[in-house]
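Chain order of the listed sequences is D, E and C. Taking my numbering, the leading residue of the first sequence gets 1, the next gets one more, and so forth. Taking my numbering, the leading residue of the second sequence gets 1, the next gets one more, and so forth. Taking my numbering, the leading residue of the third sequence gets 1, the next gets one more, and so forth.
No lab work stands behind these hints: they were computed from the structure. Here a beta-carbon is modelled for each residue, glycine too, at the ideal position from N, C-alpha and C. Hints may be right or wrong, so weigh each one.
To be verified - Okay, the calculated beta carbon distance ranges per label pair:
| # | chain 1 | residue 1 | chain 2 | residue 2 | range |
| --- | --- | --- | --- | --- | --- |
| 1 | E | Ala-10 | D | Ile-19 | 42 to 52 angstroms |
| 2 | E | Met-147 | C | Pro-21 | 35 to 45 angstroms |
| 3 | D | Glu-88 | E | Arg-230 | 34 to 44 angstroms |
| 4 | E | Glu-156 | C | Asp-88 | 46 to 56 angstroms |
| 5 | D | Val-73 | C | Asp-189 | 20 to 30 angstroms |
| 6 | E | Ala-3 | C | Arg-6 | 16 to 26 angstroms |
| 7 | C | Asp-189 | E | Arg-146 | 43 to 53 angstroms |
| 8 | E | Gly-166 | C | Thr-42 | 54 to 64 angstroms |
| 9 | D | Leu-77 | E | Glu-156 | 37 to 47 angstroms |
| 10 | E | Ala-10 | C | Gly-115 | 30 to 40 angstroms |
| 11 | D | Ser-21 | C | Thr-42 | 46 to 56 angstroms |
| 12 | E | Gly-28 | D | Glu-88 | 17 to 27 angstroms |
| 13 | E | Gly-155 | C | Asp-137 | 39 to 49 angstroms |
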Amino acid sequence: MTEPEHVDANALAGPLSEILSVDLTAAERRCSVCGACGVFAELHVTVDGPGLVASCPVCRTLVLRLVRTPDSVWVDLGGTGVVRVRLET
Amino acid sequence: MVAWRPATLAADRWETDSARTLVLDVPGWPGHRAGQHVDVRLTAEDGYTAQRGYSVASADEGERIELTVQRVEGGEVSSYLVDVFAPGDAVEVRGPLGGWFVWDAASPDPVVLVGGGSGVVPLMAMVRERRRVGSRALFRVLYSVRMPEDRYYRGELGAHRPGDGGVDLFVAYTRRAPEASPRGPGRLGAAELNTHGFPAEFAPVCFVCGPTGFVETASDALVALGHDPRRVRTERFGSGGGAR
Amino acid sequence: MNVVTRGFRGRGGQDPARVPPGQYETHDFPVLSAGPTPRVDTGEWTFSVEAETGRTRVWTWEEFRALPQERPRVDIHCVTRWSKLDTDWEGVSLDVLLEDVETTAEYALASSYGGYTTNLPLQDLTDGQAWIVHTFDGEPLAPEHGGPARLIVPHLYFWKSAKWVRGISLLHQDEPGFWEQAGYHDYGDPWREQRYRGD
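Generate the whole structure from the sequences, applying the supplied hints.
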């Protein structure tokens, strides 16, 4: 094995649902570093560490990290870039 | 915030020696779209908890959902759910989760479903939802599985049930094929994705689900065949097999 | 209040003298990751120690491999709840690497190729408690386990044992690392279950 096993950011839907009222995984995003456009769910997420780490599938920039402790959700959205959430109309 | 809800085992079915479908009663279940998943949480008497994600296998049918769980070697959650969990016992579920890997039941677009191993679970939900709503969208299902006895949903998927007209199934056995099969064992290749899927000019929506390596290979092949990457939606399970 | 699931016991039956509370023993070596695996060629690899004064010592791979080597056999404890007993490593004690460094600092921040960081008290890196290792179980350390070289500090949770380590900075004040910024404990003693901030 040469890479840690990653999954899609679909796996973030549950943890993020604890703090967000919209489903971010279906939102469109533009990478803050490489400019790649895509959907949040297409991020690569490693789930086998102390927390969840999402990175850009194109440039591998760290997009988000999330830690669930017994009483808190800690989330760093520092690399998220621009996100578009479509509203129900 | 999506609430945790108690979910009681109402019934179960064995799909294979190591995979079990759990029929759960979830009071207050708000309904789901085909392809979505849930988080399942187990709590021991001493307060220890463990949780994993599982795709929903059933169509949107009231307050009852079905999950199919594959036993994973050393997996504390899957081992419990496959071997110990008994009718009447309760776990907690949170969901439905995820808005990307979902089939829009109102869309007439053709659909290519590519599943590796237990990755067939959310694809089965799409076939079932298609049947439930009476959709005419054309479905082509490509199912990669090691050997005949590893197939899930044998009496249903590809069995030409009423309402499943327009759903075609191709099974690629990777280790051992049935004796009568003209296709020997081998991996699902790009040529088969082309032949048994839809051509890119038909602009199908493609859903690819399974272990991470399988999904990478199959989705890369679809894009190489000319499919719009934005219409190739993926759900990687990691290497564990059973967990979402 | 969670619903208790009848018949679910988690993983019991651990040796309380060897396995800290809330941990279970594994015989695998799970990969503990925080994103993509950096590729570091030993021809370009360096390890540095930067004192709070800015004075920096740098070792190339050849220089590092020429230092006195030790073979610690230790138990490791990951905050994701697995523990692995009697693991065999080979590498250089931090006592050797810190020997000639003039410092009055009390804290250290380890940094990795790929951007990972983790913080520790400096005194937890000395007196035979920490190593920069290049070999696991007699084999060169694989990239997914932190190769070419990683830090190991086995008496703290394993996220402190930075993979792909490239250097250590000595600081007067504690500066939280990658996981410590995001809710994990600044010290991380497995025997006191210091998993999260406030534990």
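Query - Hints the structure fails to honour - result: Failing hints, ascending: 1, 3 and 10.
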